[in-house]
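Protein sequence lines correspond, in order, to chains A and B.
The first sequence lines up with residues 1 to 295 when you count with the UniProt record's numbering.
The second sequence lines up with residues 1 to 321 when you count with the UniProt record's numbering.
No wet-lab data here; the hints were simulated from the structure.
Some clues are possibly wrong.
For the chain B half of the interface with chain A, some residues (derived, Cβ under 8 angstroms), not all of them [said to hold, decoys possible]:
no.: 1; residue: A20
no.: 2; residue: S114
no.: 3; residue: I165
no.: 4; residue: L171
no.: 5; residue: V173
Residues of chain A placed beyond 10 angstroms of chain B at every Cβ, according to the derived structure [stated by the list, open to error]:
no.: 6; residue: A103
no.: 7; residue: L182
no.: 8; residue: A217
no.: 9; residue: D227
no.: 10; residue: L228
no.: 11; residue: L274
The C-beta atom is built at its ideal place from N, Cα and C for all residues, glycine as well.
This is what each chain is made of:
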Amino acid sequence: MNGVREQLASRTFASIAMVIGVLWTTPTLGLLISSFRPEQEIKTTGWWTVFGTPHLTLDNYGEVLSGGGNGAGRLAEHFVNSVVITLPSVLFPLVLAFFAAYALAWIEFRGRDALVVGIFALQVVPLQMALVPLLKLFSQGWLFLPAWNPTGPARFGQFWFAHTVFALPFAVFLLHHFLAGLPRALIEAARVDGASHGTLLLRIVLPLARPALSSLAVIQFIWVWNDLVVALTLSGGTAETAPMTVRLASLAGTYGNEWQRLTAGAFVAAFVPLLVFFSLRRYFARGLLAGSVKG
Amino acid sequence: MPFDVVAQQPKLLYLLQGVAAFAAVVSLLLLALHRGRVRRRAAALLLLAPALLLLTVGLLLPGLRTLGLSFTGTGGDTWAGFDNYVWMVTDPGALVALRNTLAWVVLVPLLAASVGLLYAAAVVRSRLRVFALSLVLMPMAISFVGAGVVWKFVYAYRPAEAAQIGLLNQLAVAFGGEPRQWLVDSPWNILFLIVVMVWTQAGFAAVLLAGAISAVPGELTEAALLDGASRRQIFWRITMPSIRPTLLVVVLVQAIGTFKAFDIVKTMTGGQFGTGVIAHEMYDQAFRYGETGRGAALAVLLFVLVTPLVAHQLRARRRAA
Chain A
1 MNGVREQLAS RTFASIAMVI GVLWTTPTLG LLISSFRPEQ EIKTTGWWTV FGTPHLTLDN
61 YGEVLSGGGN GAGRLAEHFV NSVVITLPSV LFPLVLAFFA AYALAWIEFR GRDALVVGIF
121 ALQVVPLQMA LVPLLKLFSQ GWLFLPAWNP TGPARFGQFW FAHTVFALPF AVFLLHHFLA
181 GLPRALIEAA RVDGASHGTL LLRIVLPLAR PALSSLAVIQ FIWVWNDLVV ALTLSGGTAE
241 TAPMTVRLAS LAGTYGNEWQ RLTAGAFVAA FVPLLVFFSL RRYFARGLLA GSVKG
Chain B
1 MPFDVVAQQP KLLYLLQGVA AFAAVVSLLL LALHRGRVRR RAAALLLLAP ALLLLTVGLL
61 LPGLRTLGLS FTGTGGDTWA GFDNYVWMVT DPGALVALRN TLAWVVLVPL LAASVGLLYA
121 AAVVRSRLRV FALSLVLMPM AISFVGAGVV WKFVYAYRPA EAAQIGLLNQ LAVAFGGEPR
181 QWLVDSPWNI LFLIVVMVWT QAGFAAVLLA GAISAVPGEL TEAALLDGAS RRQIFWRITM
241 PSIRPTLLVV VLVQAIGTFK AFDIVKTMTG GQFGTGVIAH EMYDQAFRYG ETGRGAALAV
301 LLFVLVTPLV AHQLRARRRA A
């Protein structure tokens with residue numbers, strides 16, 4: 001009796017998993033299929049009819065990447081912006097947080113514990129708390145700080161600054177936790193051998209911290225690439241520095257029925273994070289387990 | 001204007017300059033650390049200075065300034081006392097945003113954790129576990145903006161006489177209903193936005209909970225099986241108590257993330273049709289209408305609401321680890 005019941009239970013479980021799996025993938029699949037359909041067909045028939053009459057084309061991708069006209073996506077330009085914004089915004093906080101975490105974990109000095117608590121506590125500050133003054137600071141300066149409102153590509157510096165700052169509390173928290181867990185004997189043996197903090201940092205701790213750094217890099221990469229609120233605030237509606245998320249959001253708002261652009265645009269924007277996700281899935285999952293709260 | 005590679009070169013050049021400048025600063029710092037015998041305090045200061053400086057200028061001072069701005073009027077130069085906070089609890093638009101945020105924060109963690117738990121329990125012993133978890137985690141990799149587009153398409157509306165292109169309306173029609181504008185009809189439209197957030201978050205819950213479930217010692221469940229316990233009993237009496245700390249972390253993390261939800265609303269409705277939430281209203285007030293005082297007050301509210309959850313979460317995480 002029990003055996004039958006068990007089998008039934010595991011069948012139920014399997015079908016629940018199937019249903020959730022289908023529900024979670026069908027919407028994306030529908031959009032993906034549609035992105036390859038001609039404009040006229042996307043707008044007049046459901047994507048599920050494609051299985052009867054498959055007309056597929058790459059036109060939508062061509063148009064959304066580099067087509068002319070106002071409503072065109074011009075996502076190729078915004079793709080470059082996303083790259084220029086994201087790479088330093090991953091590298092800078094990673095390096096700086098690593099330095100800070102090392103100092104907090106392995107150098108003893110007065111006031112250290114208070115500093116650790118202080119930096120951790122900054123995790124509660126939502127980035128929305130900083131946006132308005134940050135924008136004012138950039139445009140007008142504040143107290144002893146000069147305005148920093150460059151034109152041209154130098155505006156990307158503002159993005160790097162903001163993303164680095166917003167990433168630091170969580171990055172320091174995570175790396176400190178990891179570094180403090182390294183075997184004390186190892187660090188002390190190196191100290192006794194006369195290694196400076198510089199040597200220790202680069203030669204011994206850095207290689208050991210690689211898993212934590214990789215997880216953090218993947219999470220931060222996906223976060224910055226997908227960010228909308230910081231980008232929208234800093235790019236202020238100009239196309240020159242806006243990343244793809246900003247462009248896609250504005251296409252969805254202004255040209256909400258131009259599905260041929262939206263479908264292809266969504267996948268152009270998602271292509272890189274999906275690539276990162278699937279090739280570095282292990283690090284991504286590990287980063288999630290370590291905690292992905294920020295901002 | 002077709003895509004012009006040459007026009008993009010200044011950006012890439014600036015990228016290289018930026019990274020090179022950063023590398024130079026870091027090298028100088030390391031060089032200083034190497035030179036001779038640096039005292040402990042000096043070494044600590046060198047390593048901490050960049051991070052501390054950035055946090056002070058970019059987060060701490062702006063945060064305090066936002067607090068100050070929340071007591072000022074339009075433009076931020078006149079004293080307004082508690083006007084902005086009074087506005088927040090009396091203005092119909094702001095109240096709708098508060099109400100919606102409450103609905104989001106209750107429903108998203110609840111639904112995402114439930115679906116995640118169900119899915120995790122179903123796939124955790126499967127051979128396809130890694131694949132199955134990737135499937136539901138994938139929405140996290142495409143942005144909230146991308147998720148917004150995906151679901152906007154699911155909700156797409158065509159008049160009854162035309163063929164539907166949105167999956168949901170196609171289903172509605174197939175079951176004999178009328179096609180509806182899911183994102184327009186208040187108040188149910190907020191539920192259709194919440195679904196999108198749940199869709200992006202359930203994978204996170206599933207991955208964390210699958211980890212917790214597989215960490216439950218096998219001897220425990222086997223012993224219970226030998227004693228004649230059913231699967232249901234094992235789940236409720238053994239698995240659930242063991243994974244409770246992780247479940248708490250999942251719910252807290254998602255509640256925190258949901259408080260700050262902005263992108264989905266921005267992409268799908270732009271806050272129209274009574275779908276505003278605090279984070280979105282804050283952005284609109286501060287950056288679209290130039291009401292920096294009101295925007296700041298909403299940011300402070302967000303801070304006050306999130307703080308206990310983050311504090312609790314950090315403690316819960318330490319316990320779960």
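Hints, one by one, checked against the model:
Here the hint on A20 of chain B is broken, as its CB sits about 11 angstroms from the closest CB of chain A, past 8 angstroms. Taking 8 angstroms as the C-beta contact cut-off toward chain A, the hint placing S114 of chain B at the interface is violated, the least distance being around 11 angstroms. For I165 of chain B, the interface hint holds, since its Cβ comes within 8 angstroms of a Cβ in chain A; the closest pair sits about 5 angstroms apart. Taking 8 angstroms as the C-beta cut-off, the interface hint given for L171 of chain B is violated, the closest approach to chain A being about 10 angstroms.
Interface restraint check for V173 of chain B: the shortest CB-CB distance to chain A comes to about 10 angstroms, outside 8 angstroms, so the restraint is violated. Not every CB of chain B is more than 10 angstroms from the CB of A103 of chain A (nearest about 4 angstroms), against its label as outside the interface. For L182 of chain A, the condition that its CB be more than 10 angstroms from all CB atoms of chain B holds, with the nearest at approximately 16 angstroms. A217 of chain A, annotated as away from the interface, keeps every beta carbon of chain B farther than 10 angstroms; the closest lies near 15 angstroms.
Not every CB of chain B lies more than 10 angstroms from the CB of D227 of chain A, the least distance being 8 angstroms, so the non-interface label is violated. Distance check on L228 of chain A: its Cβ comes as close as 4 angstroms (rounded) to a Cβ of chain B, failing to clear the 10 angstroms threshold; non-interface status is violated. Under the 10 angstroms C-beta cut-off, the non-interface status given to L274 of chain A relative to chain B is violated; the minimum distance is some 5 angstroms.
This entry does not satisfy hints 1, 2, 4, 5, 6, 9, 10, 11, going by the numbered hints stated previously.
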